[in-house]
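Trainee: Sequence:
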Amino acid sequence: METQETLLARLAALGIEARTTQHAAVFTVAESQALRGQLPGGHAKNLFLKPKAGAFLLAVLQEDRQVSVNALGRAAGVGRVSFGSAEELQAQLGVTPGSVTPFGLVNARPGAVQVVFDRGLMQDHEWVNFHPLVNTATTTIRPAELLRFLESLGHRPALLDLDSIGTPAA
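Under the working numbering, think of the first position of the sequence shown as 1, with each following residue one higher.
Keep in mind that a hint or two might mislead.
[Said to hold, decoys possible] List time: in silico SDA-like cross-link candidates among lysine to any residue, alpha-carbon distance up to 25 Å:
no., residue 1, residue 2
1, Lys45, Pro157
2, Lys52, Arg156
3, Lys52, Glu2
4, Lys52, Glu31
5, Lys50, Gly15
6, Lys50, Trp127
7, Lys45, Glu31
8, Lys50, Glu17
9, Lys52, Thr21
10, Lys45, Thr3
11, Lys50, Gln22
12, Lys52, Asn70
13, Lys45, Thr20
14, Lys50, Ser164
15, Lys45, Ala55
16, Lys45, Ala112
17, Lys45, Gly98
18, Lys45, Arg142
19, Lys45, Glu88
20, Lys52, Thr20
21, Lys52, Glu17
22, Lys50, Thr20
23, Lys50, Phe83
24, Lys45, Arg74
25, Lys50, Thr21
26, Lys45, Ser152
Simulated from the structure, these hints should not be mistaken for lab results.
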């Protein structure tokens, strides 16, 4: 499994500009909001989901996005989903709960985890922020460079227009 240091070295080897800020551990979007003064750009919540059949699904959403996970699964073309377990998360992405990140795809076999991004997150921000495999740091990267990095690993990220699937029923 990759580490924060080897991940950042991979980005540098590809000529990808990324800035990493070390901070206290954060486990939720709410906790991470205290860091905003230091970290400009888009911020995300990352959902590791398990369809009934097929590859796992990593959904990378704008942090304030409200959506039913099953509506998200349908939009991604995988149908009904549930949350993956901590053990499945560790086995597939090499991270623990609270550290879920698209950078975890560095540890995933191509095709084992489908990744979908909220189109708004990736198109509305010059920079986006994700944990570099640990929740004690945040790496800031340009959206196009993140997609290029994932593609270099053999993954095929998709952008979803989540405005069309709405918010969950109250």
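Trainee: Does each hint hold? Answer for all of them.
Mentor: Verification of the supplied hints:
Straight-line distance between C-alpha atoms of Lys45 and Pro157 comes to about 16 Å, which keeps the hinted pair within the 25 Å bound. Between Lys52 and Arg156, the direct Cα distance comes to roughly 21 Å. Compliance with the 25 Å bound is thereby established for this hinted pair. Taking the CA atoms of Lys52 and Glu2, the gap is about 28 Å. The hint is violated against a cut of 25 Å. For the hint pairing Lys52 with Glu31, the CA-to-CA distance comes to about 32 Å; that exceeds 25 Å, so the pair is violated.
Pair hint Lys50 plus Gly15 does not hold up; C-alpha atoms about 33 Å apart against a cutoff of 25 Å. Of the supplied pair hints, the one linking Lys50 and Trp127 is violated, its CA atoms being roughly 28 Å apart against a limit of 25 Å. Between Lys45 and Glu31 the alpha-carbon distance is near 12 Å, which keeps this suggested pair within the 25 Å criterion. For the given pair, Lys50 sits about 32 Å from Glu17 by alpha-carbon distance, which is inconsistent with the 25 Å threshold.
Distance check on the hinted pair: Lys52 and Thr21 sit about 37 Å apart at the alpha-carbon level, beyond 25 Å; violated. Simply put, Lys45 and Thr3 have alpha-carbon atoms about 21 Å apart, close enough for the 25 Å limit, and the pair holds. For the suggested pair Lys50 and Gln22, the alpha carbons sit about 30 Å apart, so the restraint of at most 25 Å is broken. For the hint linking Lys52 to Asn70, the alpha-carbon distance of about 11 Å falls within 25 Å, and the restraint holds.
Between Lys45 and Thr20 the alpha-carbon distance is near 18 Å, which keeps this suggested pair within the 25 Å criterion. A hinted pair counts as satisfied when its Cα atoms are at most 25 Å apart, and Lys50 with Ser164 qualifies at roughly 22 Å. Distance restraint check for Lys45 and Ala55: the Cα-Cα separation of roughly 20 Å lies within the 25 Å cut-off, and the hinted pair is therefore satisfied. Of the pairs offered as hints, the one joining Lys45 and Ala112 holds, with about 20 Å between alpha carbons and a cut-off of 25 Å not exceeded.
Only pairs whose Cα atoms come within 25 Å are accepted, and Lys45 paired with Gly98 is accepted, the gap being roughly 10 Å. The hinted pair formed by Lys45 and Arg142 meets the criterion: a straight-line CA distance of about 17 Å does not exceed 25 Å. Simply put, Lys45 and Glu88 have alpha-carbon atoms about 18 Å apart, close enough for the 25 Å limit, and the pair holds. Restraint check for Lys52 and Thr20: the C-alpha separation of about 36 Å exceeds 25 Å, so the hint is violated.
Restraint check for Lys52 and Glu17: the C-alpha separation of about 38 Å exceeds 25 Å, so the hint is violated. Our distance criterion of 25 Å between C-alpha atoms is broken by Lys50 and Thr20, whose separation comes to about 30 Å. At roughly 6 Å between alpha-carbon atoms, Lys50 and Phe83 fall within 25 Å of each other, so this suggested pair holds. The suggested pairing of Lys45 with Arg74 holds, with an alpha-carbon distance near 19 Å, which does not exceed 25 Å.
Proximity of Lys50 to Thr21 is assessed by CA-CA distance (about 31 Å); at most 25 Å being required, the pair is judged violated. For the hint linking Lys45 to Ser152, the alpha-carbon distance of about 23 Å falls within 25 Å, and the restraint holds.
Hints 3, 4, 5, 6, 8, 9, 11, 20, 21, 22 and 25 from the earlier list are contradicted by this structure; the remaining hints agree with it.
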